[in-house]
Every structure is written in structure tokens, then in C-alpha cells.
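S.K.: These are the residues of each chain, in order.
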Amino acid sequence: MTPESIKGRRLVGLFLLGFVLFNYPIISLFNIESDLLGIPVLYHYCFGVWLLVIVFIRYVTRNQVRESKPPSDLR
Amino acid sequence: MLSTETVLFFSFSYIGLLFAIAFIGDRHAEIGMSLVSNPYIYALSLAVYCTAWTFYGSVGRAATFGLGFLPTYIGPTLVAALGWLVLRKIIRISKIHRITSIADFIASRYGKSTALGSVVTIIAVLGIIPYISLQLKAIATSYLIVIDFPLTSLPRHFAEVPVFKDTAFYIALILAVFTILFGTRHLEATERHEGLVAAIAFESIVKLIAFLAVGVFVTYGIYQGFGDIFEKARSMPELRQSLTMGSRPGMYANWCIHILLSMMAVMFLPRQFQVIVVENVNEDHLNKAIWLFPLYLLAINIFVLPIAFGGVLHFQGSGADADTFVLTLPMEMNRPVLALLVFIGGMSAATGMVIVATIALSTMICNDLVMPVMLRWPLLGLAQRSDLSNVLLSIRRGSIVLVLLLGYAYYRFVGEYYSLVSIGLISFVAVTQFAPSILAGIFWKRGTKAGAMSGLIAGFFVWGYTLVIPSLVQAGFLPTEIVAKGPFGIALLKPFHLFGLTDLDHIAHAVFWSLLANCTMFVGVSLFGVPSAIEHTQATFFVDVFKYSVDSGGSSLWRGTAQVGDLRSLLNRFMGPERTEEMLAEYASRHAIDLNQSMTADAALVSHVEKLLAGTIGSASARVVVGTVAKEEPLGIDEVMNILDETRQVIAYSRELEIATNELKAANERLKELDRLKDEFISTVTHELRTPLTSVRSIAEILHTNPKLDSQQHRSFTSIIVKESERLTRLINQVLDFQKIETGAMDWHISHLNLKEVIEDALTTTNQLIEEKKINVGCRLPENVPLITGDRDRLIQAMVNLISNAVKFCRDNHGKIDIDLQVAADRMQVNVRDNGIGINESDQNVIFDEFRQIRHVTKGRPRGSGLGLAITRRIIDFHNGRIWVESQPGKGSTFSFTLPIKTVSIEV
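Here the protein sequences line up with chains A and B, keeping their order. For the first sequence, the working numbering begins at 1 and goes up steadily by one. For the second sequence, the working numbering begins at 1001 and goes up steadily by one.
Keep in mind that the hints are not guaranteed to be accurate.
[Unchecked claim] Stretches of chain A that chain B covers, calculated by requiring three or more beta carbons in the stretch to come under 8 Å of a beta carbon on chain B:
hint : segment
1    : 7 to 14
2    : 30 to 36
3    : 39 to 51
I should point out that these hints are in silico values taken from the structure, not numbers from a laboratory. All residues carry an ideal CB built from backbone N, CA and C; glycine is no exception.
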């Protein structure tokens, strides 16, 4: 297993997690008329999960800049 | 509030600034100091996804549907996570095959088919035109709002305004000029436009700043923060329902389908493909872009709801269009500077999309629609034209104007009836039709050209039926009965409720049916058909792109001949002589061949030329063009399969070969080393043998020639002879012993023995040696020692070897040797410590190897055969023990060995 493929698998896992979190039935648990700090919980939830996904992508891709060597001169 | 002059001045200044940025970007690219080659610019250029739809439309949608605007941005976030798997592969494929558009990608994947490329182009153009019209509408509307304030009751009927008095028409023309100037300045084999990307990235910054500014102003300037707005919204019945997703039937399915829709759109919209794939400088930039881009989306969406709710609360019942809240709210609050910033931001969002989309579409129209027709139409005399690069550029410029005019026409006749987002979603559904062919194309080899073609056409047909026909009905081109009662009164065929499906909204409904038709046809036709040789080839190169090296792309699959001169003139015609020579020279130097010397081009060169052309005129056209000068022997499917298998096997074999070669090399090194050691050994041993032999002989000669020596002298001479012959015997015995142990011919006499006695015996044997060098021997042996089994004589030999070794290396005057025996539960350990010169760390590992003698820098080689320690180790090994050395140079060494107390199984 190369570092590339490990990263790829983690990101696919993250995608699946995000897809589940953003869809029925989980999203229906937050589709309620109730709020937190004056803002509806559904909004908190959507933006929160969104930010979480971004942070995780950042985490998975950290320090990976020089690991892969794509063909440098594509002719 | 804002005069026409002010607005126009700032608008044109802004466009001038964009020109400047694009110009600087291009200049830097020419001198090789790319401005755009970094992940941040790349991520910002991806944000061309946020168009006027995001800038104005999201607020409009949020005002009626609450969170309904959000799936459009959640999808891209999820795709970002998937980007590493999907986008990286698409980028790699496109770079290797020099693919410059989505039509080219699909055409190339399914056997470089011109027909498929044309179909994709037509779908893309028809699908994107509404989207372009949306941008024109947004710019025109925002302009009118800023000018006509406080008249906020838009939209009006554009169709009543004559074309030449219509702002949108001039906007379309200005955009066409900008796009032509920076998109088609010259033909590039890679189709990258650095200046343009720089300008797009700048526009992304401007639109984000503008939107955040108005967001902060509305949330904290007009209201007291998020809580306040939501509090007020809760008290308003129409907004109250927007606070949740509600509980309409099919709501969650709609939500899910909209997420899927935006996932496809963000990858397969022609402009997204352009910035993600074609304009990509370095695959590594994906690493950062896949989290920066979602972060950008998040930032630009945070204030959508506050602005939407704030606008609804503010304009209650005044009939203001929610799509324009972003602009009308600052106007209402008398903030002209902010309004101007917003206007510029909206313009950024719209122009960015239009420019990139038209460039992408013009490439497709030129390469996949016009070129194939021209190449097959001898009447045009294309074959006779010597330089086609200008023709190509003209075609592209023409198609840019055409696309923008089509967008304008759509805006004029249909656009006014729809909100911004609804128009954009129609385009999303159109490009989603590319998803099955592309996604299956890069992961599934079995998809065929016929499958892709029928899938695309089926999906396109359903898209047209469920979304375009209703829009034409709305615009008054078709009777309304079609939507209300179904065509010919067949209710099951109502475009919005096909087969009675009513739970989904119009878009989700269209996505579902079109993708169902598309996928079914694609998979079904693919499975029932047989791919041709070239389809199979391309499928393998696409799916296994990471397995094949960059250069192998296709040359092994081409058999035939072409003349170098023909190829050269072919390139000349499409790229001009300068670039042709440049590229051929580069190829020649890389492969170390002289193209002027050789007449016939090999397969590698032909396929290289085809790729170069593919970058300029698309892979399908390139194949046709190269086919005119190259005589190809068609390959059968079996041959293709064989070659592909061979290629893979060759790669595997060469890897195995490499490993085997390395092993052989190592073994060879080892053998050489052993050979060297053996030579050294022989010279050492012969030297060692000669020394005693010489002294024996010379003394014997003395005795022979002087028979009258007195008895004292006589005795001393003979004793030397005895000693020297003993030394000789010892040496020969050692060599013989080693030989025996090595070949397994040694006789071992196993008995119970006491290790303490062994040590004492060894000391007795070496007593004379020790006495001679006046060495002080300290011996600490315990009283009672458990018996072990082993070969007594051999162990004594091992012990003698260690002691004489210690003696050999001890200091000359104050030599000291310590011997001690430690008894543990399961083993005994013997340590022989000297205070000699010590052994370097690097030598400690090899000292037990046969023929090894550690050379001292000053003293040279020590005496002895170099076999003593090797024999000792073998004896200890035989007794299942372990031997090692610890040493510090200058402070002496300690040789230790352990022997197990229960030497369970020594074979006798």
C-alpha cells in the first residue's frame, strides 16, 4: 500500500461519511423547529458537518505535498 | 444615487483591470515564471463554480426554500473528498492523452470517435446556453437596478426593448471580445491560458469579498446579528416554514438528488472541466485545492440566509425580486459604495463563468464539431491549405461569438420567466448526462462507444422533454396543454410528472428519469455489444492509466509507417512552422535521433505527432488527420489484447528481472570478496608455514655443518626445532579442522563435561605462551559448576583460541587477561577480557568470519592464520551457544560466549 492509496481510501471513506450525514435519515433528526443560540439546529448541523468534512480533508491531505511524483514532463 | 457614468466608469475600469491581470499573467507564462502555478490560485480558479447564480440566485432561492439552496454547494464539498480518486485520474488521463475538453475526453475514451465527440458537444452547447443567459440576465438586471433606483420592481419584459438598446446585448459583445482576446490568442498544444486563470482567480477574490461585505452589512448593520434575523423571521409565517426543510413528500429524495446533481455538475460542467483539468499545472495542487475550494464555498454561503430573510423582512409585500436582494438592500439603506462593490462582485461572478464556459465550448465546437466536418469535406479545400492554424483560431473566435449570442437569445426569449437558480439547474441536468460515460469510462473497461452514444442520446432526449419543452411552453412557443394535460392529452406523459411521478420537484424528476434512461442504455448496450480494437485499447489506457508509463501511451499499439516529411508538413499546417520545429526538435533530442536523417517515422513518432495534434484539434480529428498520411495496418481485437497483456507482462517481468539482477549483483560482490579473502588467506598461511620451516631448516643446517657443538647449544637448537615444528603442526591442524567443520566431516566426541575444568585445561595449555609475554591472568571461576554435554577437546580448543587471541593482542609489558565464568539458570557465560588495542566497531561484526584478520594501521597484519576465531565460532555454534565481542579501541576487548546448560539435542 502506497501512501497515495492510503490517502485515497481515507478520502473515499470521508466522502461516504459525508454523504450519509447529509442525507435522510440522519438529516431528518435535525429537521426540527428548535434552535440553539437563536439559530435553528438544522443550520447549525448543515454548516457544522460541512466544516467538519473540510477539516477532515485538510487533516488527511496534510504534509502530502511531496509524496507523489506525477510525471514531471508530460510530452 | 449612482449615476450611469459612475457605474459605467467603474465597470470599464474593472474590466480594464482584468485585462491587465490577464496580460501580466500571460507575460509571466511566456518568460517561464508562472503566476498561476500554485495551489491557491488553482483553488480560487475552481471557484468559477460560484457564478451569478451563487451571488444573486442563492439568496433568491433561500428566500423561498430556506436551505434549499445548499445542496448545490454540499455536492462539490463531497466531490472534493472524492476528488483524489476521480479528478486526479481524469487529470492524469487528460495530460497523457492531451485532452482539452470534456467532448474530447469522452470521444477519446470510446475509440477516438468523432460522432461521439459531436454529440457531447451539441449536448454541452445546448445545455450551457441557459446558464450563460443566466449570467447575462444577472449583469443586465443588476445594472438596471443600480441605474433605475429606487425603482425596484423588476423584472421587466426585455423582449420589448430593441436589441440595440438592450444592455445585455452589449454585455454579451464585451464578454465576447474579452474571451477572444485572452482565450484564443494563439493555439497551444495544451490549451492552457495562464493569464485568463489569473484573472479568474482575481474575480473569485472580488466576488467573495463583495458578498461577505454585504453579508456583514445586512447581518450586523441592518440587524443585530444572526439571532436577531432568525428571531424576526420566526414571527413571520412565510419565513417560519423556511427555518426547517418542512415535511413535503419526497423532500429528502429531492434533497439527495440535488446533492448528486451538483456533484456531477462540479466535475462535468465544461468550465469546471476546463479549470480543474485543462488549466491544471500540477497534480499536487489538488492536495490543497480539495479543502480550500469547499472552504471558499462555505464562506460565500454563510450570509445567504441572513440576507434572504433580511430582504424578505425589509421588502415585505413590495414585490421586490428576491434574486436582487444582495443589491437592493444596500441601495435601500443608502450605501452607494457598498452597492457599487456588490455590482462589481456580481459582475465578477457572471463574467468569470461566461468567459471560461465560452472558451471551453469554443474548443469543443472547433475540435469536435467543425473540424471533423471540414476534414471530410473536400470541397472546402482544406487539404490544400498550407497553414490551418489561422483557420482554427477563426473557428474558435466565431464559436465564442456564436455561443454568447445564443445565450443572449435564450435570455431574451425564455430567461425572463425563470429565476436565476431554475435556469442554472436546467444546465446542471444537461451536463449530468456526461457522468455515466465518464465515470464508468475511467473505472470500467467494458463500456463501449455504442453504449455511451445511446446513453447520452437517451439522457439528452429525456432532459429535453422534461425541462426544455416546459420552458418553451412557458415562453409561449408551444401550447400550454402539453405541460398541463400531457401531449395529446396523455396524462402519463406530462413533462413534469412522467409516468405519474409526482413526489419529486421538476429538477429532481428530470435528473431521475434522464439518468435512469442514460445509465440503462449505456450499460445495456455496452453489455450486449462488442468493443472494437481501438475501443479496447483506449479503455485500457484510461482505466489503467496509473499502470502504464507516460511514454508507452499507444505507440506499442500502432503498426504502420509514415514519412517524416509528411508528418512535419501536417504539424506545420495546424501549428505553424515555428512551433512544429520546436516540438520536433524537442522530441528528437529526447529520443536522441536525427529526424533529418531518417525518412520513415516509427510508431512512437507517429503516435507522438497524433498526440500533439490532439492537443490542438481534438483526439478524434487528430486520428483522422494522421490517418491521411500514415499507412496503418489495422490491428484485430485479439492482437490488441495480446499486446496489452504483453506490455503488462513485460512490465512485470522487467520488475522481477531487476530484483533478480540486484540479487545476482549482491551475490557476485560476496563471491568477489570471498575470493579476495581466500587469496589473502593462502598468502598468510604460506607465509606462516614458511617462517617456522625456514628456522627449522636453518637450525638443521647449523647442526649438520657443526657436529661439534656442545650439548647445551645442541639442546637449545633442537628445542627450537621442536617448538617451530609444533607451531607448524598447530597451523596445519587448524586448517584441517576448519576444513572438517566446514564440510561437516568433523568427528565430535560428546560427553558430560565441566566447563570449569575446560577453562583450567586451556590455561594449562597456554601457560607457556602467557609466561613468555609476562601476562597477568586473573581467573574467577565458581566452585560448583553444573555439567554440560559437549565435545571436551573442541571446547578446550575454542578456549585456547580465545586465550591465545587475547595474549596476541595484549599490551607488551602490562598485559592483563581476566577470565570469568558466570552461571545462570539456563546457560553459562564465559568472558575473556584483555587490555589490548581493541577492535573498531565496524570490524566487530566481521571478526568471526573466516580468513578475517583485523589490520592495525601501524602494526600491520597480526600473526596467525586468521582461522582461530572462525573455528571458535563454529564450535560454539555447534553447541547451540552464542559468541560475540564487545570492545572499545584502545581499551581492550571482551570476547564472550554462552553455552546452554541443557544441551538437549546434540547429535552424536
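S.K.: Against the structure, test the hints numbered earlier, and report the numbers of the ones violated in rising order.
M.R.: As far as the earlier hints go, not one is violated by this structure.
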